[in-house]
Structures are given as C-alpha cells and as structure tokens.
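Protein chains in written order, with the numbering used here: chain U, 808 to 1020; chain F, 808 to 1020.
Just to be clear, a hint being listed does not mean it is correct.
Repeated chains share a single entry, so a pair holds when one copy, or any two copies, can fit it.
[As the list claims (entries may be wrong)] Here are the computed lysine-lysine pairs in the DSSO-like style, where the Cα-Cα straight-line distance is at most 27 Å:
(1) 899 x 833
(2) 899 x 916
(3) 969 x 875
(4) 899 x 856
(5) 969 x 841
(6) 916 x 891
(7) 875 x 833
(8) 841 x 875
(9) 969 x 833
(10) 833 x 814
No wet-lab data here; the hints were simulated from the structure. These figures come from a predicted structure and were not determined experimentally.
Protein chains: 2
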Amino acid sequence: MVSRIPKPTINRLCKIYSLLEEFEDKAEITVSSKAIGERIGVGSHSVRKDISYLGEIGTVGSGYEVSKLKTHIGQRLGLNVERKACVVGLGKLGRAIMQHEKLFSGNFKIVAGFDANINLLETIVTDIPVYPTCDIIETVRRNAIEFAILTVPGHSAQEIVKRLIGGGIKGIINLSSATLSASMNESVFISNIDIFGEFRFLSALFTLEGENK
Amino acid sequence: MVSRIPKPTINRLCKIYSLLEEFEDKAEITVSSKAIGERIGVGSHSVRKDISYLGEIGTVGSGYEVSKLKTHIGQRLGLNVERKACVVGLGKLGRAIMQHEKLFSGNFKIVAGFDANINLLETIVTDIPVYPTCDIIETVRRNAIEFAILTVPGHSAQEIVKRLIGGGIKGIINLSSATLSASMNESVFISNIDIFGEFRFLSALFTLEGENK
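Using the sequences and the accompanying hints, generate a full structural model.
Pasting the structure below:
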C-alpha cells in the first residue's frame, strides 16, 4: 500500500478538484494558488507543492488554467473513471445518499442498495435495484461493485463489512457509529465518518469550554 | 479555548458514550476496557486513561458498569443537556439529517431548517419550522440555537457561516464541500465533514494503489 504521492497530498488534491469544478461552474478561467489555499485552508506554497506531485503543468501569470488543472488532477488520480458503489442500510440517511445528485455528477455510480428489512425494501421507490443484506456477497461480486457506503446501525457494521469484503469490495465509507479499522483487513480502504458523534463532540467541547471560562 | 481534558480524549469519550448506549440497548450490565477499545480502535490502556480524566469511577471485576459509566461520562461532558440545532440547506441530505431519528434520541433537538429556495420551503413536509436563509440571524438569535449543520453548496457556505455567527451560533458541523476554518472566527467551533470528498479520496487512493502494484 505504498504510493509515491503522500496521503495528505492526495486528500488535498481531491479537495482542489472539487473546488475547480465549482470555479468551472462559475465560468472562471484562471485561479491562483493563493485563492485555492484560502478555500481549502492551507497556504499557497502548500498548494503549489501538492500540484507539483502531478508533474509539469503550465501556469498563466500568477495562476493556473481552471479546466486544464482539473483535467490534469482528474486523470492522474483517476477521478474520471466510473466507480460502482452500493449503499448498505436504507434508513433516511442511506436513502438520501443513494439518491444524492452529487454522487451521480461525480464518478461514483450507485448500482445497488441493501437493507436487512425486507418490508422496507418492498416500499422503497427508486430506480436503483435494492436487495436484502443476505445477498451482499453475491450481488457485489456479480456487479463488480468497488465501493460501499455504510449507513447501518453500529452494532451490525462489522458483520456487513465481512460480507462486503467477501464480495470483493475495495473501499468503504463508514457512516455508522462503529469505528472500523482497516488493519482488520488490509485489502480494503476504510474511511470512518461519524456525523452524530461529531455532534456529541462539539457539544462536549462547548460544555467543557463553558466550565473553563 | 483551553480545556483540561485533551481534545482527542473528549472525542474518544464521546465514542465510548455512543458505544455504552448500544450496550445498554442490548441489556449488557458490564463491559471491559478491552471490549471498548476493540470497538473504538484503541488499546485498553488508552480507554482506561481516557476514563480516568473524569475522576474516580468504580470498576466491577475487570470492567465497568455500563449504565454507571454512561451517566458518569454524560454528566461530565454535558451530553444530557439539550442543545438546540438547525439545518441549513434542505436538499435530500439536509432533509434526511433534519428528520434523522438519532438526533432526536440524542441531546440535539433540531428546531429550525433553512433554505435559500422559497419554492422548496413551501413544499417541504415536516413538523420542524423552516425559514428562508435571509432569516438566519434573527431566527438563530430568537430561538437561542447553539449548533448548525451545513448542507449547502460549497460556494455559499462562507456567507451562511457569517450569518450563523451573526445570530450567535456556537458550533457548526460543515457537510458542504467547502473547508471552513475555525481561525476565521475563534468564537465558533467548526467540524468539517466532506462525505463526497471522501469518496473521491478513496477512489484516488485506489487508482494510485493499482499503479504501484
């Protein structure tokens, strides 16, 4: 799992890519490393260094050409390659993500949804095929699904991950309350995002902050 | 903004709290630091150290009493205090979060939703009052709303944050694609969560990983 580009750089390049999409929507032609840095929260030097990992790219005056830089980053990081993904856990959050416009405009294509509740599956209105969670291994394998978004309750996350790995999944975005560790199985990338845990964290910071005043 | 408990510890204590809720639901009476550590991805020593920041708490055999530890953490971190929150940006994701069951069972109460699109506001079916974004300052102030969840497009995030701060907001969970920095205004806690950026990041990792094989 060694890559020549450091992970924090890859992460920032992805952010720069999102930003360039936005600039393109606003029909902006050029952008400076300073303007990029301000939006992603780092200095302009750091932006230039991150971009330099991709090899030579011409600058115009004090900046970059928006569309050229976007294509450059996109090709190098494979952000123009379509990736098949699935959503596991079709509660409100899972359904919102399954049907989120941004996933479709990006390079992710949700091709399946899963839920343990058969009754729920029967009532969901969506163009995306939905299956019971017992079909995960077979469905992921048959459709060559690479990525999964977990929106299941924390206590069932580990079992679901086992099945996803069994089907050959490559990456998991974990939105359940469970913290999943990639070291449990190194062939899969796991990204833990605990939205509701963040709420608690902010609330606790605020409480303790109040005490120390 | 100095707190006697380090931030990473506060973060882990919040995760432990979520976990204890889950154990309570499963009617488990005691839990060991090892079992907690396995679930939140740290060693048992680290779990015991985090819990020790809260002061003395009795252990039973090799573990803790689930309900006692939960009350202990909850009181110390103020997780039992109700916090008023709002959602800004009522697309599919914003609406899903506004109506998410977990927020209501936790200590956050969503008391308002905001969107720039007046037509959208008229069609939303919800028990929670919704307002146009131009009313943010007044509504946040009048209802003493402490926290906000941002699910707006990245380019409008900064302007919305200004208004939220104008209304006296204390903490922001930023789910937009923009990275917001707390240093722009130190009186507010900002937590950046870029779900769709995480997808890109995983996709890029996977691409670069493939190259290096």
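Now for the hints, and whether the structure bears them out:
1. 899 x 833: between (32 Å within a copy, 23 Å between copies)
2. 899 x 916: both (19 Å within a copy, 17 Å between copies)
3. 969 x 875: neither (41 Å within a copy, 32 Å between copies)
4. 899 x 856: Neither, since 41 Å and 37 Å both go past 27 Å.
5. 969 x 841: between (44 Å within a copy, 21 Å between copies)
6. 916 x 891: For residue 916 and residue 891, the Cα distance is within 27 Å only inside one copy (5 Å; across copies 36 Å).
7. 875 x 833: within (15 Å within a copy, 55 Å between copies)
8. 841 x 875: Within one copy, since 18 Å is at most 27 Å while 51 Å is not.
9. 969 x 833: between (43 Å within a copy, 22 Å between copies)
10. 833 x 814: Classified as neither: same-chain Cα gap 29 Å, cross-chain 38 Å, threshold 27 Å.
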